[in-house]
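Let the hints inform the model, and build the full structure from the sequences given.
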Amino acid sequence: MLDALLLFLIGMFAGISGSIVGLGGGFIVVPAMALLFPLMIPERIVGTSMAVLLFNSISSTIAYTRQKRIDFKAGLSFAFASMPGSFIGAYLTEGLAGKVFFVGFGCFLIFISLFLVFKPKKPLNLPLPKTVDRSFTDALGTHFEYSYNLPLGVVIAFFVGFLSSLLGIGGGSLLVPTMVLLLTFPPHIATATSMLTIFLSAIIGTGTHAYLDNVDWMKVLYLAPGAFIGGQIGAKIASKLPAVIILRILSAMMILVAIRLITR
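Taking this note's numbering, the leading residue of the sequence shown gets 3, the next gets one more, and so forth.
Quick caveat, the hints were computed from the structure, so don't treat them as lab data.
Possibly wrong hints are sitting among the right ones.
[Said to hold, decoys possible] Derived pair list, reagent style BS3-like, types lysine-lysine, alpha-carbon separation capped at 30 Å:
#1 Lys132 - Lys70
#2 Lys242 - Lys124
#3 Lys70 - Lys124
#4 Lys238 - Lys124
#5 Lys238 - Lys75
#6 Lys238 - Lys70
#7 Lys75 - Lys124
#8 Lys75 - Lys242
#9 Lys70 - Lys242
#10 Lys132 - Lys75
Take a look at the structure:
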């Protein structure tokens, strides 16, 4: 009973924190299960995290759809590009040794944490033509106008899908910053759109991991409801709180967790 409550709370925290900044939530679920359930092998941790991520992304996508902040054209394009990467990543997880996986995941968390805190404040001016122009208004009446290079977004999405399924992290930790910095998406639109991309990509990743018997469905049974509820809460918080404060708190937590994983 205690394990069930603990898993539910982990799922809720992952859903809230992941939805707030569009990171998914796997960066909470994977290290939490690695530290609390040391007998779980890496591929089971990753597969279980991907299944939870699927429920979290469904919840967040529903919430952001109501806010009318999802760029569906971009989200669908990026999702279709990420699906092959998700499939490949799930299969390669099978070959990761335990120590290699945890050290690699820890280093990845540190990199993402530092990048989120010290990333450039303005989009980078790449010498690439803008192939798509977008203009729309969200549910609050805020108007957004931006342009981006679709081929670059598709390439990025493929690698995001690969890492997402390989590590069970969702991919938003890479997709949101690159959408903002390289594709010049407004931050709130990038966060919302990334959740749609993650949701569609997670279907392939979860399905592949399930086929490989990498999903602990009993743990998903308790993690998923928490992640679904947390996704709704996180999407509401994201529209009201300054993202910079949230990012710094999450980054500090991720670095501490990363150090623990590396020294595991």
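Okay, the hints, checked on the actual structure:
1. Lys132 - Lys70: holds, 23 Å
2. Lys242 - Lys124: holds, 22 Å
3. Lys70 - Lys124: holds, 24 Å
4. Lys238 - Lys124: At roughly 25 Å apart (the allowed maximum being 30 Å), Lys124 and Lys238 satisfy the hint.
5. Lys238 - Lys75: holds, 23 Å
6. Lys238 - Lys70: holds, 13 Å
7. Lys75 - Lys124: holds, 24 Å
8. Lys75 - Lys242: holds, 26 Å
9. Lys70 - Lys242: Distance of about 15 Å is within 30 Å: holds.
10. Lys132 - Lys75: holds, 15 Å
Going through the hint list in order, the structure satisfies each hint without exception.
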